[in-house]
Every structure is written in structure tokens, then in C-alpha cells.
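Protein chains in written order, with my numbering: chain A, 1 to 531; chain B, 1001 to 1805.
One or more hints might be untrue.
[To be verified] Cβ-to-Cβ under 10 Å is the rule here; a few derived chain B residues that face chain A:
{"no.": "1", "residue": "Q1618"}
{"no.": "2", "residue": "K1619"}
{"no.": "3", "residue": "V1620"}
{"no.": "4", "residue": "M1662"}
{"no.": "5", "residue": "D1668"}
If you are wondering where the hints come from, they were derived from the structure by calculation, not from laboratory data.
Just so you know, even glycine gets a beta-carbon here, dropped at the ideal spot from N, CA and C.
For reference, the chains in residue letters:
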Amino acid sequence: MNNFNILTRRSFLSYASKAGVAAAFSSLIDIPLIAKRALAANAQLGQNGKKLLFIFLRGANDSLNSVVPVQDSAYATSRPTLGIPKDGLTDYSTSGAADMPLNTVATDPTFSYPNAIRLGNGFMALHPSLKFLTPLYNAGDLALVHRVGYPKQSRSHFDSQNYWENGNPNINASKDGIFYRTIIESGLAHTAALTGVSFQSSLPLILRGSDAAMTNLSDPSRYDLFGLPNTTAGNAKADVALRAANQFAFPDKKSRELLSLQYKNMTDTLSIFASINFKETLLDAGNTDGDTIPYNLFPNSNAENGGYAAHANSAAKYVISPSHYSFMQSLKSAAIVLNKTDAIIAGTQLDGFDTHSNQGSVNGSHSNLQKAIGWAMYALKQYFSNHSDKVNWNNVVVVTLSEFGRTTVENSDAGTDHAEAGVMFVAGGAVKGFGKGNASGVFGGSPNDSVPWVPGPASGGGSMFGASSRYLKRAVDYRSVLGKVIRDHLGASQDQLNRIIPGYTVAGEMLQSGGISTKDGTKIMGELPVV
Amino acid sequence: MKAALGIATLCFATLGLLAPPSQAEDSAIQLSVTNGNQVLDLPLVSGIDEFKILGTTNLSEPFSVVGGGNLSGYTWMAPSAGGLQFYQVEMVPKDSNSVVSANVLNRLAYGPTPDEIARVNQMGAEGFIQEQLAPEKIQESLAIDQVNTSSDWQYVTATGTGSSSTLYIYLDRAGDCYVDDIKLVRGSVPEVGVNLLTNGGFELGLTDWTVSTNLTNSVVVSSPIHEGSQALHVIADDTGTTRDTSIWATTATLSSSQTYTLSYWYKPGASLTPNLTIRLSGSGIVSSPNSVATKLELGNASIEDLRAWHVLHAIQSKKQLLEILLQFLENHFVTQYSKSSDFLSQYYQNGEEDTRAARMEYMENKLWRGALLNPQCTFYDLLKISAESPAMIIFLDTVNSKGNGSNIANENYARELLELFSFGVDNGYDQNDITVMSRAWTGWSIRLVDPTNEFNAFAPQSTTLRPGMTNLARPDNLEGIWAFNFKTANHNTNSKTIFPNKVVPARFGAPYAGRNYQLVLPARNGTNGIKDGYEVIAHFADQPFAQEFISVKLCRLFVHDDFATGYDFTDPNLSPEGKLVRDCMLAWEQNVPKGQIRKVLEVIFNSDLFRSQSGSMQKVKTPLEFTVSAVRALRGLASDGTYTADSDGFSMSSPLNRMGRMRLFDRDAPDGYPEAGAPWISAGTLAERLRFAQAFLTARNASGRPTDAGNNFCDPVKLLKTKLSATDWNDAGKVADYFLAIIFPSEGKGNLDAFRNLAINFLNTADDGVTASLFSSVGNTTTTYDTRVRGMVAILMTSQRFQEQ
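Chain A on its own, in the form it takes in the complex (with noise of 0.2 Å):
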């Protein structure tokens, strides 16, 4: 009476006691999990080679100073303060790729450039500290989405980042991650041990749920057990006891399939986990940003970051500021695995985005944010393009979310607060992004948009206050931009999709064709080619 590979009777009828997500639920309910794999006919969801690589941004990243509408008028007058200078002999409203600010002189601070950078789309610029970002844009592997959002958006913290991850917004009820749903349907849950990995201090929302453990670690170095007493014989002797008491039977109670599953889910993927070597070094191919030498794909230590060491231990040539290296770490890890394993789905977050108070604008606790993305999205692509030998940057799409946006106007501490719509930032060899079948890799980031970007103030409509007054308004839904990555790049069918996000199911929501959404009467886009 092993209880962990099959639906108990408990969770089965807990299960249909979900009314309230029924009509997505309800064909989760009737059919044996792997019979439904068998359904989704030429659905090629798990077996097609193609990963994903997520980052969440905690703590809501202002997005309106991440890729900036520099040519708004009302960004300058909304911040004063933080507002993100123009570069006076830059005309932003020309097209064509972007402008590279990378260092021609080895020597330069590795973020000497102080201006919006353009992008070519005629409307947005992107923070200086994202220059990193401009290789990846102008090769078309870049796609930025802007405005992106969800009906009756929540200004809470926690509950806007529960919605983020259950993929049902305003369903608290909802208790299982997007990806875990998207693991579950394509069956690999019941054949692979690894699937789904984050790499932080504990295991997602985005990726739990009731049915099969995904996997969480902060430090593969200490992913190791041993016994009583420490040698081989006898962690071997304890290994086999653990093992032994993982197979016992039990009544139920309500944790006890979590800890069964979460419990085979650690036995089966020790070993898996000791015989990858997260600690090599991995260099740029190449000199980077002008300097004379490869810097660290994914530095560790001030010596590892950018030129510092090159350049007599210089903090101006770092590439990312010192408090994130356990970040890039944890992104290491994350796209490690993903290449050495069948595991389709990695990721890790990145915290410290609540900037209330003093964050800065070209330089400052924001910037130092920006560095981290825009380094970590070219460490990966240089990892996936020169090093990885199983994964291929073109089976690869990396994507951000992040609770909300952020107050248009400053507030009197130098900061913002908590709003609505936000960018996302979606990268990787499959991304359709500038020159790839679209003449610019910004996305519901334009006056030219079919639910266009207003420019101006809120008395003559701006987009930037179009919610309430004082937030920028959504054009797309998080679930369209997900939901397109899921399907396109990972290979589901529109039947599993439409469970793995309920909410396509639903005409009213948009989220395919887009329409105005009948949840709050907002006309949004729908799906966009970003891939």
C-alpha cells in the first residue's frame, strides 16, 4: 500500500472539493494522471528538449525605470528625482537595433555610460545598468513586455505573488504553482526525478503542489547525508534504513503525502545532485566589454566580478554589485541542471525590489538590481551558447516575473510604491525578438502598440495612470506571456495549457486573442510573438 505514486482516496476527493476552480479542475479529477499523458495526442510537453529558466523578481521591480518611456513626457515630470536622464545627442525615436554603451577602453568603469540606452522602438530606452541586456536584444533574443499585468491587480506582496505563481489571479484557493501544473501534464513527474528545480532558501509556490515533489535546493555543496557513524559503511548502513522507513505504510494525515513525496523526491535525486560539478568556472568566450581579459560568467567573489582583479581590485569594473553572488550562484545551479538533467523547469529569485525609500536612478539600490538581471540574462546565453553540451541556447527561454510595477510618481522618499502593471523580460536563442519577424524586441511598450502606450498625463489619458490614477494601466495578462512560452516553447497542447492556466478557458479573459477583459472592462493584447 504504497501511497506516493498514486492519488490516495483522501487527496483524490480533496481534489473535487476544489468547486471553486472546478470547470479547470474537473479534468484532473476522472482520468488516471498517466492515462491523460497518453491523451495529449502528438503533444510534445517534456520530450522536445526545450527548458525553462525562471527568475522571480520579490519585491515588485519598478519597471517604468527598468526599460523606460523615455520619450513620455510625463516620465521626467513624474521623477524628478529618479527620473533616468536622456543622452542629449541621441535621437530616441529613430528604429533599428540598439545602441551598445559597451566599453571601448579597457579601463572605463564597466558603467560609465549615465543615459537611457536606446532601443530602436522609437519609445523605450532601457536603464544603463541593463546594457548588458543590448547584446541579447540586438541578436533577437530578447523580448520585452511591457504593461503586463492581471484584472483587479492586488497591491499586496503576498497575495500578488501567490497569483504570479498559481496562474489563477484573485483565487486564493489556488495551491499549486503554474510550473508544477505544467510538470504534471507532461507526465515526466511519474518517470524522472528531477523536473522541477529552484535553487533558493525554500521551494516556491510556482513550483508545489499536492501530487509530485519538485525539488528545492540552496546549496548543492551540502546536498549530502550521512549516519551514524560518519564513514562509508555506516552512511551506507543509515542510507539504507532511511530508505527503508520512506516505504512504510501510514494512515493518512494531512502533511503525510507531502513528506512522502518530498522524502523520495530527496532519496531519489542525491545522487543526481553528486555527480554534477556546479563549482567549474565558466569564462566568457572572449574579452568582454572591451577589457583585455574573459570576465566570470558567474562571479563568486570581488576577484571573479567583471575586471576587479584585472584592474588593480577596481569596483568601478565590477559587473554585478558584491550582494548578489549568491544569486548568481543559485542561477548557476539552475541552468547547470538544466543541462545536465531531465529537468525542464529551473529558476531562483531575486529580492530587494520593494524600493520605497531612496532607490536611486542611474546609480543606487535599483541599479544595483538591474546590474544583476542584465548580467545574469548575458551569463546565460554565453553559457548556453559556449559551454552547455546538452542544452543548446535555442531549446532555452528565460523569463522574469515580478509581483507589480511601481507608483509612476515618486514619493517624498526618493522612492516608489506598490501598483500594478510591470515589464517582463523574456530571453533566449527560440525568443522572436528584434529581427526575428519583428522589427523591435519591445512588446505593449509603444504608441503604435494595437492597445497603444498613451503618452502624457492622466488628464489626457496617459497609459502611465490609467489605473486608478496613479499606475500604469496592464495591456497584457503575465498569463498570455507564460502561457505562450508554455505552449510554443515547451510543447503543450492547447488542451493541457488550457489546464495548466484555467483562465484560457474562460472567453471573457482574453488571454489568447485578447479583447477587452470582462473581469475590469481593460482592453488588453492577447498572446504576443515572443516566440
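Dock chain B against chain A, hints included.
Below, chain B without anything else, positioned relative to chain A:
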């Protein structure tokens, strides 16, 4: 061979328990045939001491016990020579009182100790509940609570090893104190033997001592002294850490494998005494006169001191429910040590920003502790302490919030007060209420005041300059305490209407539904403005939304995780959970004063949900609960007066951090650490729990002892020898039974059968995991025996069942 029909019968010998519905679903007996033998898969039911297999060949005959056959875990295999039978399973339940007793130790306490199991079984769960509900009546005098703020000469000793032959004296910050008669002798008895230090009494002035720059003002004085004619007045202008920031001397040559004892006399200096350290280089002997409790009271404890103190209370205190509630409050009214320290770093850079921030956290605990000792303590009392806490005023940005003139108030505290601290998310309020209410808090700030003014919100800034300082405008030049202070100039003086015309929804039923709960704060000038905040919390504290939300949180803490706000209390089919919340609310509402915490707790502890299997082992331990319960589980009182498991308190911080970043007093988000299991349990954090358990069980002096449990130690052999008679010490079954009973006290013997076999097998196998090595033959004073028992206990503590409470 055809199998006969099997019938399952649930036989509860004494119905002290309610069998929850979910048990019935799994109570199916299954009959199958394997290799010609009949096999019964027994019902998966909790709390069963014995499964009896009964059979009959003829249904008109009575069933009788089937002899032979092999019962292992939940599987019974019939004897191979048996013929066709009808089968019945009789399940002898565990005595329901012992289940409730085990449950109260898992909920009202941080898990059982061997002695507490016996005590609660004797006094009954009811007696224990009553005892714990009145902590003010529990007599206790823990060493960790002893505070010494005497200004007299105090004798201090420390024993250790001779890591090096240099002795340091230093303070942890600028300040002064007196030291006299330092002696260092071989052995463990103070002052017995040759003093290996010359001029330890300073009779020769500073001869043989070298004074570093930061202590250059130190002098030898003739008063105050302890003995002889001189003593050392240690005067530091900066922090000391090692030789070059200390007053140091060379001792006679010491050996690192030899024990030595240091002794000296210490007298505190001027107020705000810094912490003195006297130690050997290499820290083979380290001594500090101020205990953690003393440092906490003096206000110069570090956050690690506070964490150790809190953990040691969780392990040692008899007032377990009090400790559980204090941790609950700490995690409900979240404040963040790092943010306070960060805020104070604009005034201090010398480490005071850290100790003062730690003091803010300590004060919350101290004040809640005092409040909870009052039998009529209400939720309002606890909420008020939180609102007035400088740590809270900093954490949610009220400290600089201004509402005067055109200034816009900061909404952070207003939002979280409703969303997280009183009503629960979206439960009875909207954005407008947050915006309006935020103005009530403008002016609630902090100031450095004279210590006597700590609870006077209108006090002026301290005017007491520190020795050698002159600038009255700079807090770092002044003596004082950071306290809640109302800044009239920042206050929004307008009238405010919160919850305008709002009415309690119908779902709450009588007596709440339909009540108008609008709150109007009149326009207020000057110091009267402070009343806004107090009226807000007085109004919020007893609203039905708060009653519901807090009751839900307490039910989640004590019963199981599946409670939520939003019940329709008028529904005739209200779930048992909804009914319990309702009963809690009525106890809140109908007693005077309203909101008495003990009345609500009584309702929960008397409920069917709490007392049945529905409340037993349904939750997962948080990292704090896991580590503390591990120490407690093996912590019995031995005949020599020592405990068989202990902790230095400090060693928990690192494991708690690794088990999911549980940093006590330093949660970075106001929603508190999760109470449910799913956020804590995944591959990496499970591995950390298992590593902790194995390291904890490893003998203290084992070479290469893993560091994962730090200075958390246990001696299970000493425990078993205290509790079992000598004839049982080599009986694998009896030893296994003993540890199963203390580690899984709520499970029945029938449920634990598989674990029992695993444990016995482990005890009977050599370390190589393969060779048989009968436990009965292993000398019970040998290391082999010790390791064998430790390893077996570790297997039990690394199992899934020990993650539960």
C-alpha cells in the same frame, strides 16, 4: 487456493476518541493471495496498539484469534497450512488519554521530554492544560534567567584548555570596568595550584602587561580594589577583539591538551556597562562575567544572545505554552532586527546600532511575557505592545511618516495592521480605509530618552551626556534608551472616518451581523493627536473580523492548518473547523473584558478537533520546532542532576538558517514565517534536517563529529540507563520500544510495528550494515554499544514521522 471474504470491523475498546471521517475511508481490509498464502492488508488507522487477526471457518461460529501467521507492519500473512477462513480484524486502540497527552505535548509544548510524558500521563492532559494556561503559577528558576546587575565585586571562573600562552583583557565597546586578582591554575578547581600568571593582581602596576592603543586610558587604581592594594581600571575607547586591541600578558607555557581554570574578580564601571572578555588567545578559555540574561537587561546583548536565550527557553522552560505563545506573537507581529539596526546606523557605527536593535526585539518579548502572565490578558493588550514597539515603528515606516500640511502619510503600517495583524487580507476593509487610517499614525516615532522615560511618549530627548562627549544634538553623544515618542508636529490633525457606514456582513451571524463598525476620529491638536492611534487599535481589536482572523491563526497553530477566514457562520452545514472558530469568537465576545486570550485557548483545547486524531500529528514542524523538539525528546533528568540532552542555544541559528532561512527576530517580510509545512519541506531543507539530527546524535567527543548541530549534545545511552532496569539494557526490543515511546508518543504500538522491526534490526547489525552483531552481545559500556544506540535513535529522528507534530 481460493481466498475467503474478509470483513473489517473497527473495534474501539473505549470510545474516548472520535474517529474522524477520513479514517473510515482508509479502513478497508484487503485480502489477497501471494504464493498460495492468504495476505491481509490491514486498515490504515491511527492510534492502534494492537491488530488482532480473528478467523472462523463457519460464519455461524464465533471468530477467534488465528494462531501463527506473520504480522509485519500493516500486513499479515496467514500460516501456510491454514485453510479457508473468514477474517476479522480487531483493532485495540491506544488509550485515548495517552493520545491527547501526547498531543498536548506536541502543541502546548515544543514536543515531549521523557519526563514530561510521564508527568502528563500521570496528571492527565486536562491537568497539564490547566497548568499551562496559568504560567504565572508555575514556579521556575532557570539559570538562563538569572540577571546580575549588582555593582559590587563579582567572582568569575572559567575552565578550558591551554590553547595558547597569552591572556587578553578587553571590552566590547567604549566604557570601563574593574578587574582584580586574576589567577590561572592547572586543573579544574579555581585557585588551587600555582598561579601561571604573574601580576594578575596588579600589585606591580602594569608590569608584564601590554596595553593596546584602544585601552590606553586604563590605569591601576588603589580604589576600588578587591584584594591587596591595587586593581586594574579597564578603560576602553573602542571595541576589543584580539591581542592588539586588548590588555595582554604572557602566561607560563601552557599545553593545549591540558585543562586550566581561570578565575578573577570583576566590578562593573559606569552605567551602560560594556561586556568584558578575558580569554586565552585561541579561545581555549573564554570568560565573560555578564550572562546572556544580564546583557539583555543591560541592553547590550547581541541578536545572537537574544536568539540563544529564546531557544534555551523553548528547550528548558516549564512554561511551555507561554513560550509557544511568545513565538507566535513574535511571528504574528513581525518586526525585523536588521531593519532596526540599519535605521540606527545613521546614529551609531560602533556596534551599538546592533545591540540597540536587539534590545528593541527583546523588549517586545519581555512586554508580551508580562502581559501574558495576567490571567485576563486580551488581544488588545498584545496589539498595543506591538503598536508602541520602536521596532514596529521602524519596520513599517511609521517612524518618518508625516501627515501635517500637504504631506502624505506612509501607508505601510496601516495596510499591514489590517491585512496581517488584525483583520486578515481583504476582510472587512478597503484601500480607502488604509489611506485614511494611515493618517492616524502620523507622529508615532521614536526618540532617545532618559531610561526613566522609556514609556513616556511625550518625553524630550535625553540630556545626559556620555563621559567625554559634548554635543547634545547627537544621540551617539548621549546616554539613553530609544523609545516610542509622539512627534506632534508630524501629526495629521484632521478628523478621520474609517470604515464609513460599513456594516458587519450577514455571514458572521448574531450578535455581530448588521453592526455598523464605522470609526470617527475627531480633529485633534497637539498631544491629543496621540489618541488617534490608540482609538484605532482599541476599535480594531475586538471587531468580528479580528476575532475571526486571530482565532483562525490560533486554530492553525494548535489544531491543524486548514482553517481560513471567510466562513459563513450562519450555514447549518458549517464545517467543524468553522464551528470551532465560531466558538472561539463567542468566547472572545461574551467574556468581560472582551478578547481574553485564555478564554479562546480554553475553547480550542476543549474542542473535539483538538482532542481527536483530527488534531494529532496533522502538522509539520517548523525548523525551530524541529530542532527544539529533537533536543527535548532526549532530554531526561539523570540521577546525577544533569540532563541527557542539552544545547548552548547559540548553535541553533545556523541550522535554522539552513533549514529555510528561519532567522529569529529577523523575518524580512511582515507576514511572518509560514506555519504550514509545504513552504518548509523540500529536498534541500529536508537534507539539512536530517544532517542536524545525525550530527546531534553523534557523541560529543567523537572524532570528526559533523558540525551541523554545533553544540547541541545528547546521551541516549545515559537516558536509557536511567529509565530502564539493567536487565533490559541489552534487549534490542526493549530498547527500541523505549525510544519509540518517547519519540512517537502519540502513535500506537501497532502503528509503529515496522519502525520497531527496523530499529531492532539496526541494533543487531554491525556498522558495516551487513554483518550480524547481536545487540545482546555488545558490552553496554563500550563505544560500539553507544554508537549503535545513537545510530538507531538517529534513524527514528530522521524519519518522516518525526517531522510531524
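Against the structure, the hints:
1. Restraint check, B:Q1618 versus chain A: the minimum CB separation of about 4 Å is within 10 Å; hint holds.
2. At about 6 Å, the closest approach between the beta carbon of B:K1619 and any beta carbon in chain A falls short of 10 Å, and the interface hint on this residue holds.
3. Below 10 Å, beta-carbon pairs count as interface contacts, and B:V1620 has one with chain A at about 5 Å; its hint therefore holds.
4. At its closest, the beta carbon of B:M1662 sits 9 Å from a beta carbon of chain A; the interface hint therefore holds under the 10 Å criterion.
5. Among the interface hints, the one on B:D1668 holds; its C-beta lies about 8 Å from the nearest C-beta in chain A, closer than the 10 Å criterion.
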